[in-house]
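Numbering (the numbering used here), first residue to last: 39 to 145.
Rather than coming from a laboratory, the hints here were simulated on the basis of the structure.
Backbone N, C-alpha and C fix where the C-beta goes; we use that ideal spot for every residue, glycine too.
One thing to keep in mind: the hints can contain errors.
Said to hold, decoys possible - Simulated restraints, written as ranges between beta carbons of each label pair:
#1 G108 to I43: 15 to 25 Å
#2 T74 to G101: 26 to 36 Å
#3 R133 to E87: 16 to 26 Å
#4 N61 to A141: 42 to 52 Å
#5 R133 to G101: 33 to 43 Å
#6 S59 to S124: 18 to 28 Å
#7 D63 to G108: 55 to 65 Å
#8 E60 to L135: 38 to 48 Å
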Amino acid sequence: MPDYIIIGAGSAGATLAARLSENPDRHVLVLEAGGTDRSLAIPIPGLVEQLITSRTLNWQYEGDPDPSLGGRKLVWAAGKVLGGSSSINGMVYGRGLPGDYAAWPPD
Numbered sequence: 039m040p041d042y043i044i045i046g047a048g049s050a051g052a053t054l055a056a057r058l059s060e061n062p063d064r065h066v067l068v069l070e071a072g073g074t075d076r077s078l079a080i081p082i083p084g085l086v087e088q089l090i091t092s093r094t095l096n097w098q099y100e101g102d103p104d105p106s107l108g109g110r111k112l113v114w115a116a117g118k119v120l121g122g123s124s125s126i127n128g129m130v131y132g133r134g135l136p137g138d139y140a141a142w143p144p145d
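Could you build all of it, start to finish, from the sequences and the hints given here?
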């Protein structure tokens with residue numbers, strides 16, 4: 039019988055499970071609905087489009103109709119694979135504008 043049950047083997051779930059299982063007296067069960075991260079599209083940034091459109095590796099959550107978009111529904115990517123959304127992000131990151139950081143209060 040597990041002491042802990044972790045739902046999702048994304049970045050947070052897998053890290054938490056690894057840390058908890060460092061104690062040999064703890065039993066940790068990780069439940070992941072997605073598959074393995076062995077797709078060749080995962081480590082190759084140029085293939086991120088395949089990850090975003092894949093129903094095997096991406097949950098493709100559909101939003102509600104948005105009136106500001108003429109009723110269009112947006113689709114939100116969410117990794118359905120070991121590693122979660124970190125596995126399908128194409129190694130892309132976004133950096134804020136300098137003005138965004140300037141508006142932060144000083145330490």
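Hints, one by one, checked against the model:
no., hint, verdict
1, G108 to I43: 15 to 25 Å, "violated (43 Å)"
2, T74 to G101: 26 to 36 Å, "holds (28 Å)"
3, R133 to E87: 16 to 26 Å, "holds (22 Å)"
4, N61 to A141: 42 to 52 Å, "holds (43 Å)"
5, R133 to G101: 33 to 43 Å, "violated (25 Å)"
6, S59 to S124: 18 to 28 Å, "holds (20 Å)"
7, D63 to G108: 55 to 65 Å, "holds (57 Å)"
8, E60 to L135: 38 to 48 Å, "holds (40 Å)"
Violated hints for the displayed structure, listed by number in ascending order: 1, 5.
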